[in-house]
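Engineer: Please model the entire structure based on the sequences and the hints provided.
Residue numbers (this note's numbering): 7 to 365.
Incorrect hints may appear among the rest.
The calculated BS3-like cross-link candidates involving lysine-lysine, where the alpha carbons are at most 30 angstroms apart (straight line), are [unchecked claim]:
no., residue 1, residue 2
1, Lys-291, Lys-227
2, Lys-360, Lys-311
3, Lys-344, Lys-360
4, Lys-227, Lys-238
5, Lys-311, Lys-291
Distance ranges between label pairs, derived from CB positions [what the hints assert, rightly or not]:
no., residue 1, residue 2, range
6, Gly-188, Phe-88, 53 to 59 angstroms
7, Thr-153, Pro-241, 20 to 26 angstroms
8, Glu-170, Pro-30, 48 to 54 angstroms
Source of the hints: derived by calculation from the structure; they are not laboratory data. Just so you know, even glycine gets a beta-carbon here, dropped at the ideal spot from N, CA and C.
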Amino acid sequence: MTTRQAPEIFQIPLDDLDPAGLPPRGTPEFEQAVIGRYALDYAARGWQAVVAVDDAFVRVVAVPERGVEPKAYVLGLLQNGFLEDALPVLEALDGMLDDAEIAYSHGLCLSELGRPADAVAPLQRAVELDPTHANAFIALGVAFARTGRADEAANALRDAVKLEPENAFAKRNLAAVLMRSGRAAEALPFFRQAASLAPADPGAQLGLAQCLEALGPSHVKEAAEQYKAVVKRFPEHQAGEMAEEALTRIGHEEMRAAVDGGLRMDAVMYMQAALDRFATLDQAKVGQIVMEIALIGRNGLEINKPAVRYTLENLEGEFSGLALLAYMHVGFRIFDPKGDAGTGLDREYEAAVKMRRER
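Structural biologist: Next comes the structure, spelled out in structure tokens:
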């Protein structure tokens, strides 16, 4: 079986051309001479070549007798992740063809290569060539968002949602742009829809939780439940880690609110008990206890519900959520006296240590 040969597709700035033997630049004769130079060269090799010249570039698409079709070739490069190889080919084709898919691919390639500002122009061209190209509107919205043009990003993403009302990715990105612009209430229905349409997308599920939290006290309970669901469903994903951190943050805020921001003396007492009990154990055992509490805490500890009780395999007794948090803080500080245990109970720990010394 004969392997089909790749085409050659490129563009060269006119400033880089060797002017020897060429008529003055800007004249029809110059354009014809440049076209002839490349066309004859490829014809001698048995290739078919299309050559175009504008004010800045000469662009060439040359295909051997049994070559791969140019558009299929460059889209294949993109699909296989060869972005750097695809970019010059896309630049040349986009300068020669009025093709929405090529323009979209050109913009998407630039965006994926970390050049969102450069991606805007070809993506705008794509949606002008095909006003029904939802993916081009999404990519344009993302490029606008990455360059700080929030209103234009929201408009492009709204266009995508109108074209494809069931597109979860479009709705998730629109919601994110709105929330980052301080419009969480407007973002919430789009996050709900995205989360419903894409239950396996951790970004949509986390985004919904973050939006609920941003809406304040009236939505915090639902936000916490959503964060717990993210931790449970995506324990190894970054979204799960971020949800754990959010649950800890919400717990701290609720804990402080319960005592008007002052010391929680119940936590101080739990820490005194922990200091006493850990003093009789070796560090390995303390480490096992801290690890077990941390694992339980991944699903959220009911800090402000004393009636909810927990048991440990490595420590006898029944404990409230706040007691376990206090024990975990004490255990962590045994291993790292100056570290941040992440519980928000540093003041309580200092008070417990001082009170224990003064006995």
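Engineer: Does each hint fit the structure? Answer for all of them.
Structural biologist: To see whether the hints hold, each was checked on the structure:
{"no.": "1", "hint": "Lys-291 with Lys-227", "result": "violated (35 angstroms)"}
{"no.": "2", "hint": "Lys-360 with Lys-311", "result": "holds (27 angstroms)"}
{"no.": "3", "hint": "Lys-344 with Lys-360", "result": "holds (16 angstroms)"}
{"no.": "4", "hint": "Lys-227 with Lys-238", "result": "holds (17 angstroms)"}
{"no.": "5", "hint": "Lys-311 with Lys-291", "result": "holds (27 angstroms)"}
{"no.": "6", "hint": "Gly-188 with Phe-88: 53 to 59 angstroms", "result": "violated (40 angstroms)"}
{"no.": "7", "hint": "Thr-153 with Pro-241: 20 to 26 angstroms", "result": "violated (34 angstroms)"}
{"no.": "8", "hint": "Glu-170 with Pro-30: 48 to 54 angstroms", "result": "holds (51 angstroms)"}
Violated hints, in rising order: 1, 6 and 7; the structure is consistent with all others.
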